[in-house]
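Peer 1: Sequence:
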Amino acid sequence: MNVDCDMYSNNCDTIRDALCFFLDEEMGHKIGFVQFPQNYNNLTKNNIYGNSHQVTNQVLMGGMDSVGGPMYVGTGCFHRREILCGRRFTEDYKEDWDGGIKDKTQENIDEIEEKAKSLAASTYEHDTQWGDEIGIKYGYPAEDIITGLEIHCRGWKSVHSNPPRPAFLGVAPTTLAQTLLQHKRWSEGSFSIFLSKYCPFMFGHGKIKLRHQMGYSIYGLWAPNSIPTLYYVIIPSLALLKGISLFPEVMFS
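If you count by my numbering, then the sequence shown holds residues 10 to 262, one letter each, in order.
Check the hints yourself; a few may be wrong.
Below 27 Å or equal to it, Euclidean Cα-Cα: the simulated DSS-like pairs (lysine-lysine) are [as the list claims (entries may be wrong)]:
#1 K146 x K193
#2 K39 x K146
#3 K103 x K166
#4 K146 x K124
Across the chosen pairs, the derived CB separations fall in these ranges [stated by the list, open to error]:
#5 N11 x I227: 51 to 59 Å
#6 M211 x N20: 36 to 44 Å
#7 I24 x I243: 45 to 53 Å
#8 G148 x I243: 31 to 39 Å
#9 G215 x I118: 51 to 59 Å
#10 L247 x G148: 38 to 46 Å
#11 E123 x N234: 49 to 57 Å
#12 C14 x K54: 22 to 30 Å
Just so you know, these hints were derived from the structure itself, not from any lab. Every residue gets a Cβ at the ideal spot worked out from N, C-alpha and C, and that includes glycine.
Start from the sequences and build out the full structure, keeping to the hints where you can.
Peer 2: Right, dumping it as structure tokens:
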């Protein structure tokens with residue numbers, strides 16, 4: 010399970026719900042991660058900046074369930090351990106739920122302390138595959154999208170779970186300046202991915218369905234999509250004020 014530092018659990022059944030997907034007899038072995046939506050505790054229904062992400066949470070993410078699963082959004086997610094270690098999906102895959110249970114041995118407290126210091130050191134991951142083949146992708150402004158895309162391209166599916174009681178809650182921006190800053194970071198990061206080697210149509214070619222690639226591209230093209238959106242907001246309004254008809258007149262004989 011991973012969540013952002015400004016989010017917390019709001020539903021005691023969340024872990025059970027995620028395990029139900031992983032333990033499903035028919036599809037559980039295909040699921041790489043279970044994604045819960047981002048919800049916030051400081052927004053009201055009158056929020057004017059659209060920070061509640063209702064369209065994303067209730068329409069887009071759920072719609073991607075039918076084409077391979079939603080993308081990983083960086084928080085509120087349960088990953089299968091193997092997929093973060095680079096494992097590819099195979100039909101004969103079977104989860105070893107006892108794999109993490111080892112014989113209990115007494116360790117010296119000094120040895121444990123030294124291991125903890127090594128793990129916490131900034132050099133622990135140097136010259137390793139962490140951030141490349143193992144774990145979350147590093148070095149990108151929207152590493153969560155790339156991580157989820159690569160998992161899907163290795164053959165795994167994902168599931169979107171949106172229970173009536175929000176699984177996790179966080180803090181959303183409440184002012185226009187904060188909202189613009191956050192959306193700028195998200196849109197720039199998503200668009201830079203679309204223009205990189207991780208473009209869903211190139212990186213996902215032959216690995217995931219075309220519809221799944223298009224689902225990822227909705228977010229990748231978020232920034233340039235602002236241009237036609239502004240056009241449809243501004244031009245019809247100006248035409249109405251100036252009395253200019255945008256459509257040809259219909260003549261009846």
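Peer 1: Look at each hint and say if it fits the structure.
Peer 2: Comparing the hints with the structure gives:
Restraint check for K146 and K193: satisfied, since their Cα atoms lie roughly 21 Å apart, inside the 27 Å limit. Proximity of K39 to K146 is assessed by CA-CA distance (about 22 Å); at most 27 Å being required, the pair is judged to hold. For a cut-off of 27 Å, the pair hint linking K103 to K166 stands: about 15 Å separates their Cα positions. About 24 Å separates the Cα atoms of K146 and K124, which keeps this hinted pair within 27 Å; it holds.
At about 23 Å, the beta-carbon gap between N11 and I227 misses the expected band of 51 to 59 Å. Between M211 and N20 the Cβ separation comes to about 38 Å, which falls inside the hinted range of 36 to 44 Å. For the pair I24 and I243, the supplied restraint of 45 to 53 Å holds, since their beta-carbon distance comes to about 48 Å. Between G148 and I243 the beta carbons are some 38 Å apart, a value that agrees with the proposed interval 31 to 39 Å.
At about 52 Å, the CB distance of G215 to I118 agrees with the hint of 51 to 59 Å. A hinted range of 38 to 46 Å holds for the C-beta pair L247 and G148, which are about 44 Å apart. Range check, E123 to N234: about 52 Å between beta-carbon atoms, so the 49 to 57 Å window is met. For C14 and K54, the Cβ-Cβ distance of about 27 Å falls inside the hinted range of 22 to 30 Å, so the restraint holds.
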